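Chains as they are written, first to last, in numbering that gives the first Met the number 0: chain A, 0 to 357; chain U, 0 to 318.
These aren't lab readings, by the way, just hints derived from the structure by calculation. Any given hint could be a false lead.
Okay, the calculated bits of chain U under chain A, using three or more residues with CB under 8 Å as the criterion [claimed, not checked]:
hint : stretch
1    : 89-98
2    : 120-129
3    : 238-246
4    : 283-295
Because the structure is a prediction, the values reported are computed rather than measured. For each residue, glycine too, the CB sits at the ideal point set by N, CA and C.
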Amino acid sequence: MSMPNSAGPATPRLLRYVDALREGVAQEMERDPRVFVFGLDVDDHKAIQGSTRGLPQQFGPTRVFNTPLSEDAMTGVAIGAAMAGLRPIHVHIRMDFLMLCMNQLVNMASKAHYMYGGSVKVPMVVRSMIGKSWGQGAQHSQGLHALFMHIPGLKVVAPSNAHDAKGCMIAAIRDDNPVIFVEHRLLYPTEAEVPEASFTVDPCRARVCTHGGDITVVGISNMLLECLRAQELLSSAGVHVDLIDPIWLVPMDIETIVQSVRRTGRLLVVDNAWTNCGASAEILARVAERVSDCPVQMSRMGFAATTCPPSPTLEHEFYPNPAKIALRIHEMVQPGVHWQPDLEKAALAYQIQFRGPF
Amino acid sequence: MIEMVPEPDLGRLYYKLRLIRRAEEEIARIYPSDKIKSPVHLSIGQEAVAVGICDALRPDDVVSGTYRSHASYIAKGGDLPAMFAELYGKDTGCARGKGGSMHLVDMTHYLLGTSAVVGTTVPITLGYSLALQREGQGRVAVAFFGDGATEEGVFYESLNFAALHRLPVLFVCENNFYAIHTPIPKRWATRNLCERVRTYGITAQQVADSGVLAIRRLAAESIAPMRTGGGPAFLECHTYRWREHVGPAEDYEAGYRSRDELLPWQENDQMMVLGAALPVGERDAIDAQVEQEIAGAIDFAENSPFPEPKELYTDVYAE
Chain A
0 MSMPNSAGPA TPRLLRYVDA LREGVAQEME RDPRVFVFGL DVDDHKAIQG
50 STRGLPQQFG PTRVFNTPLS EDAMTGVAIG AAMAGLRPIH VHIRMDFLML
100 CMNQLVNMAS KAHYMYGGSV KVPMVVRSMI GKSWGQGAQH SQGLHALFMH
150 IPGLKVVAPS NAHDAKGCMI AAIRDDNPVI FVEHRLLYPT EAEVPEASFT
200 VDPCRARVCT HGGDITVVGI SNMLLECLRA QELLSSAGVH VDLIDPIWLV
250 PMDIETIVQS VRRTGRLLVV DNAWTNCGAS AEILARVAER VSDCPVQMSR
300 MGFAATTCPP SPTLEHEFYP NPAKIALRIH EMVQPGVHWQ PDLEKAALAY
350 QIQFRGPF
Chain U
0 MIEMVPEPDL GRLYYKLRLI RRAEEEIARI YPSDKIKSPV HLSIGQEAVA
50 VGICDALRPD DVVSGTYRSH ASYIAKGGDL PAMFAELYGK DTGCARGKGG
100 SMHLVDMTHY LLGTSAVVGT TVPITLGYSL ALQREGQGRV AVAFFGDGAT
150 EEGVFYESLN FAALHRLPVL FVCENNFYAI HTPIPKRWAT RNLCERVRTY
200 GITAQQVADS GVLAIRRLAA ESIAPMRTGG GPAFLECHTY RWREHVGPAE
250 DYEAGYRSRD ELLPWQENDQ MMVLGAALPV GERDAIDAQV EQEIAGAIDF
300 AENSPFPEPK ELYTDVYAE
């Protein structure tokens with residue numbers, strides 16, 4: 000993929016997503032004493048799969064601390080601390096656990112600035128990770144970002160690479176609003192060039208990852224990578240893709256997507272979530288509202304409309320994968336023309352490096 | 000530590016009790032005119048809890064409340080004209096017409112925004128107190144909530160976290176015996192709320208008769224050690240809601256409670272008790288001041304502009 004633009008006097012080097020997250024947090028904690036990190040297991044030996052490693056030693060137990068299993072109250076604690084002027088980062092090792100935080104996030108964090116007439120701000124980051132594969136199953140796999148996209152007052156970001164993981168994290172910490180920071184377990188080991196110096200990847204700026212012209216494809220979170228793999232499979236078919244990473248889902252840079260769709264006349268959104276009332280539905284709707292003057296062929300892909308099963312054969316069917324995405328793209332661009340991705344390449348494209356247990 | 004607490008001033012306490020009572024009676028009087036389009040949960044009869052607690056606070060201490068928070072707002076020193084303007088939905092309201100009666104706020108007097116969802120502000124108060132603890136200036140936070148909130152899971156999560164981190168938080172349960180219309184015997188397996196709280200290692204005391212001086216004394220005794228790292232404390236203050244759950248009227252004919260329940264609370268009405276203890280001249284002067292303040296607040300609310308329609312979209316996000 001093309002290297003993202005970076006601001007700042009930087010020496011890019013390859014960094015893993017997990018290390019980029021940690022570096023972004025550490026740099027902000029050095030810069031701003033109001034920033035603190037808390038959540039279940041943030042200071043244990045596994046360190047949220049490495050993403051908080053070293054932070055307790057570097058910043059001490061006042062600024063990096065473990066919590067009881069009390070997600071509801073701990074979210075309230077984050078909100079209250081943020082109202083008092085601190086900048087909490089509340090960490091959840093799976094997004095599924097955010098369901099225990101919904102009252103505080105939906106009824107307070109999102110609304111406090113508005114319903115208190117602008118007299119308080121709630122600058123907080125809620126980190127959570129979507130799990131996948133190795134039988135994560137029903138409650139370790141959900142991509143629930145659309146629930147938060149629905150609520151005015153929340154921002155939602157889902158970086159797909161290490162560069163954006165760092166830049167979005169720094170932007171989220173500096174943001175004066177509650178930011179739902181969506182990570183993906185399978186992205187953790189992926190590497191990208193990441194400047195050492197501090198930089199931000201700001202809200203409402205999508206990135207055009209590849210310029211094709213036949214079709215606009217939007218990939219969200221880990222699905223951006225699956226779309227890149229699909230694109231490789233399609234190269235033999237001569238199908239070329241405008242691949243767009245929205246990065247920030249709220250506020251979303253819909254104009255970049257619209258501009259591409261106006262050129263290609265085709266739009267496929269691939270989400271790391273269910274499609275019903277999801278981010279894919281929202282993107283299609285917004286594009287449709289803006290390009291009513293020209294016909295656009297639209298489609299979307301996401302989780303199967305089932306609960307995520309742990310059995311490998313079922314789990315394989317549950318997710319969009321590069322071959323499925325490539326086939327869908329091909330059907331849209333060259334309808335009626337038979338094409339199959341190279342089976343060996345397709346299998347390789349879907350090789351997942353991740354082994355369990357978690 | 001009790002020596003550090005100044006003597007309670009009966010006149011000041013009476014003034015606050017009277018101001019809250021009369022402000023809410025005026026809200027009830029105005030309500031049928033439909034000028035106040037906000038669900039009002041009146042504190043009439045419950046004033047002594049907010050007044051007793053807040054009188055033991057420093058101006059820079061922090062208070063959070065519930066949808067029934069006119070009393071704690073006024074007791075903490077919240078701006079009265081801004082409260083009335085908020086009830087009227089005016090641009091000059093404490094939340095600029097975007098909160099209403101259930102979401103009062105006055106950050107200049109450290110009244111955190113109140114919430115309509117039971118129990119919600121309890122952990123938020125903890126978070127604020129975490130910041131106060133780090134600040135190290137001896138400030139404390141008070142979480143007001145009702146008996147219903149003690150049934151929410153988040154209440155126990157909050158007790159545990161406050162005790163674990165020895166947060167400077169005073170938990171104040173305003174126990175008026177009803178969650179909306181459901182009495183405690185239908186909701187609690189045992190009555191021993193203070194005992195439940197003590198199992199978390201938190202000092203817990205009960206005031207059964209709503210005596211404002213007793214509430215003030217216990218608050219002061221609880222807060223003094225808290226200012227130097229003594230950790231959280233809990234007060235269960237029995238009290239009684241004289242009016243309906245929401246709205247300006249009484250509801251003793253509705254069938255879920257009888258007027259007989261009200262009578263002992265009315266006989267022990269702290270506003271009357273303190274008023275009777277004051278010299279007549281002092282009391283009359285306070286009464287006159289209260290009427291003047293309320294009339295001024297209503298006048299301010301009535302003559303303030305409504306927000307411009309474009310205000311709908313301001314402050315959705317902080318810039």
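Check of the stretch 238-246 of chain U against chain A for coverage (Cβ-Cβ below 8 Å, three residues minimum): violated (count 0)
Proximity test - 8 Å, beta-carbon atoms, the stretch 89-98 of chain U to chain A, at least three hits: The restraint on the stretch 89-98 of chain U holds, since 7 of its residues have a Cβ under 8 Å from chain A and three suffice.
Check of the stretch 120-129 of chain U against chain A for coverage (Cβ-Cβ below 8 Å, three residues minimum): Since 10 is at least three, the answer is holds.
Whether chain A covers the stretch 283-295 of chain U (at least 3 residues having a Cβ closer than 8 Å to its Cβ atoms): violated (count 0)
The structure shown violates the earlier hints numbered 3 and 4.
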